[in-house]
Amino acid sequence: MKQLFAALLLWLPLSAHAALNVFACEPEWGALAREIGGDAVKVYTATTAMQDPHRIEARPSLIAQTRRAGLVVCTGAELEVGWLPLLLRESGNAAVQPGRPGYFEAARHVPMLDKPARVDRAQGDVHAAGNPHIQTDPRNLARVGAALAQRLGEVDPAHAAAYQARWKAFSVRWEAAIARWQQQAAPLKGMPVAVQHKSFSYLINWLGLREVATLEPKPGVEPSLGYLAEVAARLKTSPARMVLRAAYQSPRASEWLAQRADIPVVALPFTVGGAPGTEDLFGLFDVTLTELLKAAQ
Amino acid sequence: MLRPTLLVAALAAAFPAFADADLDALRSELKEMKSSYEARIQLLEKRLLQAETQAPNAPAPSPASAVAAVEPAPQQETASNRFNPDISLILQGQYAQLDDIEHRHITGFFPAGHNHDVPRGFSLNHTELVMSASIDPYFSGYMNLALLDAEVSIEEAWFQTTALGNGLTLRGGRFLSGLGYQNTQHPHAWDFADNNLMYRALFGEAYGNDGLQLKWVAPTELFMEFGAEAGRGANFPGTDRNMNGAGSTVLFGHLGGDVGVSHSWRAGLSYLQTRASDRDSEIDDLNDVAAETLFSGSSKTWIADFVWKWAPNGNATEQNFKFATEYFSRKEDGDLLCVDNTAGGGACTDVADRYKATQSGFYAQGVYQFMPRWRTGYRYDRLDSGSVDFGLNNASLPVTDYAPTRHSLMLDYSPSEFSRFRLQVSQDKSMESVSENQWFVQYIHSLGSHGAHSF
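Which chain is which? The protein sequence lines are A and B, in order. The first sequence begins at 7 in the working numbering and counts up one residue at a time. The second sequence begins at 388 in the working numbering and counts up one residue at a time.
By construction, these hints were calculated from the structure, which means they are not laboratory data. As the structure is a prediction and not an experimental result, all values here were calculated from the model. Careful, some of the hints might be misleading.
Think about it this way: if two alpha-carbon atoms lie no more than 16 Å apart in a straight line, the pair counts; the simulated EDC-like pairs of lysine to aspartate or glutamate are [to be verified]:
| no. | chain 1 | residue 1 | chain 2 | residue 2 |
| --- | --- | --- | --- | --- |
| 1 | B | LYS687 | B | ASP720 |
| 2 | B | LYS709 | A | GLU63 |
| 3 | A | LYS48 | B | GLU608 |
| 4 | A | LYS224 | A | ASP131 |
| 5 | A | LYS224 | B | GLU804 |
Same shape as in the complex, but just chain A:
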């Protein structure tokens, strides 16, 4: 018993002095933290690309990881309102509570789209702060990255210079990649698309696509067959070139509609890990553009 206690005592301070533990709510922020933090951080990603970030359970494993975190990086804008507050409350970790340097909300650093004029549950799952799926525009990742590099330096001043250096190097590569993607995507400009959920507003805005239909009658509300038929009828007058859905979403609705309207369904990775080849942020947009261009041909 005594030995066990001594071992526990010895091991606790050791783990405390290891790399900075970063708890990332979504895979894109985990990937970004890895790019900026390198070996100085240990990143735990709470969700995968196959999970709906609106609907995550506050599992015991997530509470345990929140307890260990030195920095929590999440989207904010109420995306995680169903589970993150509980993790923070149950973790007993003072450093990552809202308002402390250890709590970072990405959505606070980008201009938000789709801000509802009316916030009422009758409108479905609306977010007062705007559409939270900001990671589908690579320019937003750059904005968040700059703020995250700064924050990492505040939380872990010993590595502040290293974070800035890694961020600068990443930023140069990222800007070059954005230029490349925008060039590649030139033919997509003005292309009409239908979306399953309002997951791609930022991507559509970035590439200058046109969103002509949403399959969900209200955000977060599953479409009924009757409503899908309505959408299909509407697509006859203003046709779309393709239906976009995120990897985690059920293919049923989009495939039904695509068959009716005779257009392809494009399952976009939506975030890091959503498709083969999307192991990092560069891969995420490489694959996204390849899929879009393939379907547009």
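Starting from the known structure of chain A, fit chain B onto it as the hints suggest.
Relative to the frame of chain A, chain B by itself:
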């Protein structure tokens, strides 16, 4: 004698002049400020206009300016950051098709206080009003009121630390104890229309307490949580005893984790120790006449709980499954007085003697969401009257080896995460020689900023 009056007169004459000069200075300062602010506002408006035309509608042409084009505007605070508390209201009601049974009880068990019998036909369940907010950087607060006709009961009202750190959280006030699994859930979060037999026999509804709770989460990958509570202990199985110090203590520990990406689990062990003084319960004696008993002594309860959840790829939106089971063992030891009821033909004659009982029970339930919005579930309840010794009162009170059981089957439909309708049918054999088929149709709606539900 004259001097003060002179001084006052002089001051009176001088002061308005002073004031005038001061006012003029102030006025000119204000004017300056106004004009400078107007200029600044104009500048800001111009910049806003520029920003609006540059972004975010048009994709920026050159990548270098792409990021710099839009100055991130300060974003709206997230919901929990506002000054107003988060308020939510739970509307819950049901239709129950039940047999007409006068004295509902669980055979072999003392009725646990606070037991709301479900009325037959249409009725309103609890209407719950919940408020919560951060108090300051160090505390958060929570309140849950249950509204009933001509009655408001404070189910919970507590503060909790948020700044202790090191995995420690201290909670104080009235709260639902952290023991077991279902105990911290309010009725609207239950997976079935009514309470399981185990919690009904143990606490009536759930074990609440006025006191303190200290909880610690270990800094490990495996979820490890340990808690201790000390409280008033006024609720069943204890009683209010008009004393200083702690009337009840609770210890609990939980472990939990994931198995792969699709499975997660939590297991726990809890211990409740409390004392009762003249705990008043009504049971039927050997002559089938209602008898009032008064128990004074100790009550010790162990609870083991286990929860396992499955969702394909960890995505519970389409399909998911939840299994939960809890087991308890309770020991009570003390004196029991059976109040004289011979006048009504009863068997009790005011005899007080040693009472010793060891009783146990469990429930197990599975809930399966087979498609979005639809869930079905089955629950099995079983209690064991165990060994009960009334001492001399064995001559007047019944000792039974009957095992109360119940099967429940439910189907629920949730148009959104804020509304739910439920149909449940139960075969209830909680009373010896009564087998009752019960039907429930229930609705649960939540208005406002409904907080997250725990695992």
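These are the hints, each one checked on the structure:
1. LYS687(B) / ASP720(B): With Cα atoms ~9 Å apart, LYS687(B) and ASP720(B) stay inside 16 Å; holds.
2. LYS709(B) / GLU63(A): holds, 12 Å
3. LYS48(A) / GLU608(B): holds, 13 Å
4. LYS224(A) / ASP131(A): holds, 7 Å
5. LYS224(A) / GLU804(B): holds, 14 Å
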